[in-house]
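Please model the complete structure; the sequences and the hints are all you need to start from.
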Amino acid sequence: MKRIQALAILTFKEGIRDRALYGITIMAVMMLLATILLTNLFGHELGKVMVDLCLSTIAFAGLLLTFFVNINLMAKDIDKRTVYSVLSKPFSRTEYIMGKYFGLILLVFVSLFLLVVFSTGIIFIIKSADASLYFKDFSWICYFQAFAFQLMMFVLLNAVIIFFSSITSSSFLTLIFSLSVYVTGQSIEEVVSFFKKEALVYNITSPVNQFVVEYLQYVFPNLSAFDIKMFASHGKLISISHTLSLFGYSIVYSALLLFFASLIFNKRELK
Amino acid sequence: MSIICNHIDKTFKTGLGGKTVHAVTDVSFEVSPGEVFGIVGPNGAGKSTLLKMFMGFLRPSSGEITLFGKSPSDPLSRMNLGYLSENPCFYEHLSAIELMQFSARVSGVDSKKTKNKISRLLKLMNLEHAGKRKLRGYSKGMVQRAGICFALIHDPDLIVLDEPMSGLDPIGRKLLVDLVLDLKSKGKTILFCSHILNDVERLCDRIAIMCNGGLKYILSHENLIEQGKQVTLSVSNLTREGSEKIGSTGAILKVEENQTIIFCSQKQLKNIMNITAAYGIKTSNIDVSSNTLEQLFLDAISVDVVEEVCHV
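For the record, the sequence lines run as chains A and B.
Everything in the first sequence is counted per the numbering used here, starting at 1 for the first residue and increasing by one.
Everything in the second sequence is counted per the numbering used here, starting at 1 for the first residue and increasing by one.
Please keep in mind that the hints were generated in silico from the structure rather than gathered at the bench.
It cannot be assumed that every hint is accurate.
Computed beta-carbon distance windows for the label pairs [said to hold, decoys possible]:
hint : chain 1 : residue 1 : chain 2 : residue 2 : range
1    : B       : 22        : A       : 68        : 37 to 45 Å
2    : B       : 22        : A       : 194       : 50 to 58 Å
3    : A       : 176       : B       : 169       : 36 to 44 Å
4    : A       : 141       : B       : 155       : 50 to 58 Å
Here chain B is said to cover these stretches of chain A; the calculated rule only asks that three of the stretch's residues, wherever they fall, bring their Cβ under 8 Å from a Cβ of chain B [unchecked claim]:
hint : segment
5    : 1 to 8
6    : 83 to 89
All C-beta atoms, glycine included, are put in the ideal place defined by N, C-alpha and C.
Have a look at this one:
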């Protein structure tokens, strides 16, 4: 545990000093500040738009961070053979995988936490400045619940990165595979629902397609389930049971990915 | 034994369904505690592959390796081991001090002693002024020296160095040579491979010469001195019986126009002189040449190079 913790902190330190991270944070802060300029455009919808814009900005920053900073932190370790220096110490490969994963998660959590604090300040300022009428449906709990859902999505997405890094030696391939899983994960729910409802009604699908889609939905993570911005903007709280089941889904799916990553990485030869 | 390497083979497949490459073939040796063991060989000889198998980065296709009685796949085998890879690469946004703190922590060094150990090593490797600087601003030689600090912070009993001299300037090389001599005097076991034969010759108790994945020779320091001093005798009036007697000592005979040249070691010289006296063989010239490791190395690999050319 001590070694996992040490590697997680090392990974976090390496990531937090990456200039790309500063770029992403500055861009996200600018986007959040820009929402202040747009307040007069939305009238009665202001509260909903603010929640939507702030959460979207945080999610976008999280995605950039995951795909460009975290992939570098993990995949380049193997690409550039930095892994030799870590594994020359008494680390098991499973400890290495876990240490790197927790480091990436820590980096995402800290960065997004700073952004959510900043966005909270902006919403608070706008809400207090004669616009509380337009925030009738707004709820802080719903806002933070949506943010927590986003964090759980990143818990899962970073496990995807670790999984692909354990298979490939190239950071570019890890990026391509992880992006594919993200895009599929965001759209799999819609595709499944399309096949289940409309395609069956109009008889435009084959049994093979049905079979493939039916099983693909269990293979790919359903990332769209973590997007509850719409509920948060309308001030609708997601039930505790649904929240817990989604959090459980993220943790179990991530644990499985880390288990397979560790299994593969243990067998892998580091040439 | 600190290291036991028993009939190690390593093969790689090149590409999808590609041909099999034998990187290491039937390598066996043992390294005793406190010994400095050097591996030399041309590029592609399999030296680094062998060291990577010691570290558990690669697994042998067959054979067995043990480090202090443990398999390299056991993380605990690296508890008492320091490793410097060829062209080491570290986290470039971290400083040498942070890197060493990490190394000390995961190797179980007492946190109270860490600070002292770090400053002592930084001073030893002449990196005191750059300890807090990020590694991305380091030159290649400085990264190499930081790597040595990283490997030695927990005062390991076994030190594995892969091309430790590469990228070091003469001052850095001197620092490293002094360090290895110091570690040797403290009874540490050191295994390293290098292209710089002078340093290997100077530092190692035994030297293994590798070529095309195989182990050609293992020479002790005494062997090296003995084999290095080669004697050449030019003789005439050599009878058949006399040449058989001289041949039986292990000397090599080469017949030229009016004379025969005998190549022998200094140990063989006394016997050969007795034989020449007994059989009335005239010795016209004796030449003692100092044969360096470089010459022995070139002789050892030349056989393989010839074989390789013949295969082509």
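For this session: Could you work out which earlier hints the structure fails to respect and list their numbers in ascending sequence?
Result: none
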